[in-house]
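Undergrad: Here the numbering used here is used: the first residue of the sequence shown is 63, the next is one more, and so on.
Keep in mind that the hints were calculated from the coordinates and are not lab data.
Ideal Cβ placement from N, Cα and C applies to all residues, glycine included.
Heads up, a few of these hints could be off.
List time: in silico EDC-like cross-link candidates among lysine to aspartate or glutamate, alpha-carbon distance up to 16 angstroms [what the hints assert, rightly or not]:
| # | residue 1 | residue 2 |
| --- | --- | --- |
| 1 | LYS231 | GLU211 |
| 2 | LYS144 | ASP274 |
| 3 | LYS267 | ASP135 |
| 4 | LYS275 | GLU211 |
| 5 | LYS144 | GLU197 |
| 6 | LYS267 | ASP181 |
| 7 | LYS154 | GLU197 |
| 8 | LYS267 | GLU241 |
| 9 | LYS200 | GLU157 |
Beta-carbon label-pair distances, calculated as ranges [to be verified]:
| # | residue 1 | residue 2 | range |
| --- | --- | --- | --- |
| 10 | LYS231 | LYS200 | 32 to 40 angstroms |
| 11 | ASN266 | SER185 | 16 to 24 angstroms |
| 12 | PRO210 | THR137 | 18 to 26 angstroms |
| 13 | GLY230 | ASN193 | 33 to 41 angstroms |
| 14 | ALA189 | ASN217 | 36 to 44 angstroms |
| 15 | SER164 | GLY198 | 32 to 40 angstroms |
| 16 | THR145 | ASN193 | 20 to 28 angstroms |
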Amino acid sequence: MKQCLFSFSLLVLFMFSSLYSSTTAAVAPPAAAPKALQKAAPSPKAAAPTSKPLVPTLPQSPDSSDSDSTPDDITRILRRAKTFTILTRLLKTTEIMNNINSQLITAKSGGLTILAPDDSAFSQLKAGFLNSLNEGQKIELLQFHILPEYVSSSNFDSLSNPVQTVAGKDPTRLPLNVESFGNSVNISTGVVNATVTGVVYSDNKLAIYRLDKVLLPLDFFVTKAPASAPVVAKAPKADKEKSSSEDEDETTQEQNNSGAVSLIVIQGTTLMSLGLGFVIAVATLWS
């Protein structure tokens, strides 16, 4: 009897355990679905390195976006930049200023670069140097400071020497060599070594840079040989001497001939006189 009760108890316990397990499984929340993997945000692209200007912008440089500093008015740009009084006056008196402004208005590509010596640079010239130049030399001096292309402040190292200027590209007369070292730009002409000290103005057509010295062309200091005078053809010396000898011989011959004639005349006169005297003497004797 006890054995039957024990077996019945185990059966009831087993039933309750099975019922409890099924109820718990029904009540338990379903397992959460795995979350979708989030896509990693793309890493930002590294910015391309920008070329660093070799020449710093001057503090008083006019803003290229300023409507009062349009690239077709060089006079206004130089006045606002200050300390370019002498250069401005030269550009006006030689009428190069008008040529530059006209070229900037009509040019569709290319542009210009002006290497502008300030008043301090002109003060370093020998006293009276500018006044000693004629009109053509003044024009050549100013054209020697203008490049017929736009050169940005970071592209001086891309120029090939000798650099062409508006004055021309003659390495024997107008050499202009540009060298960049780090953040400095040096310009040599064979007479002067100058340094670009800053940007006065720059846009996509015109660039103006300040120089600490005036660029003097080598052409001004090369001694030019004077034009040779026409050579007059001279008769050969031998011919001249021969002519002189012949003249002397002819003169001597003429003198000899003249003497012979004179002697003949004298001798004839003497014989005639003797004959006449003989005739007179014979006539006297006969009478």
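Undergrad: Run every hint past the structure and note whether it holds.
TA: Checked hints:
{"no.": "1", "hint": "LYS231 <-> GLU211", "result": "holds (14 angstroms)"}
{"no.": "2", "hint": "LYS144 <-> ASP274", "result": "holds (14 angstroms)"}
{"no.": "3", "hint": "LYS267 <-> ASP135", "result": "holds (13 angstroms)"}
{"no.": "4", "hint": "LYS275 <-> GLU211", "result": "violated (21 angstroms)"}
{"no.": "5", "hint": "LYS144 <-> GLU197", "result": "violated (26 angstroms)"}
{"no.": "6", "hint": "LYS267 <-> ASP181", "result": "violated (25 angstroms)"}
{"no.": "7", "hint": "LYS154 <-> GLU197", "result": "holds (13 angstroms)"}
{"no.": "8", "hint": "LYS267 <-> GLU241", "result": "violated (23 angstroms)"}
{"no.": "9", "hint": "LYS200 <-> GLU157", "result": "holds (11 angstroms)"}
{"no.": "10", "hint": "LYS231 <-> LYS200: 32 to 40 angstroms", "result": "violated (20 angstroms)"}
{"no.": "11", "hint": "ASN266 <-> SER185: 16 to 24 angstroms", "result": "violated (33 angstroms)"}
{"no.": "12", "hint": "PRO210 <-> THR137: 18 to 26 angstroms", "result": "holds (20 angstroms)"}
{"no.": "13", "hint": "GLY230 <-> ASN193: 33 to 41 angstroms", "result": "violated (24 angstroms)"}
{"no.": "14", "hint": "ALA189 <-> ASN217: 36 to 44 angstroms", "result": "holds (37 angstroms)"}
{"no.": "15", "hint": "SER164 <-> GLY198: 32 to 40 angstroms", "result": "violated (21 angstroms)"}
{"no.": "16", "hint": "THR145 <-> ASN193: 20 to 28 angstroms", "result": "holds (21 angstroms)"}
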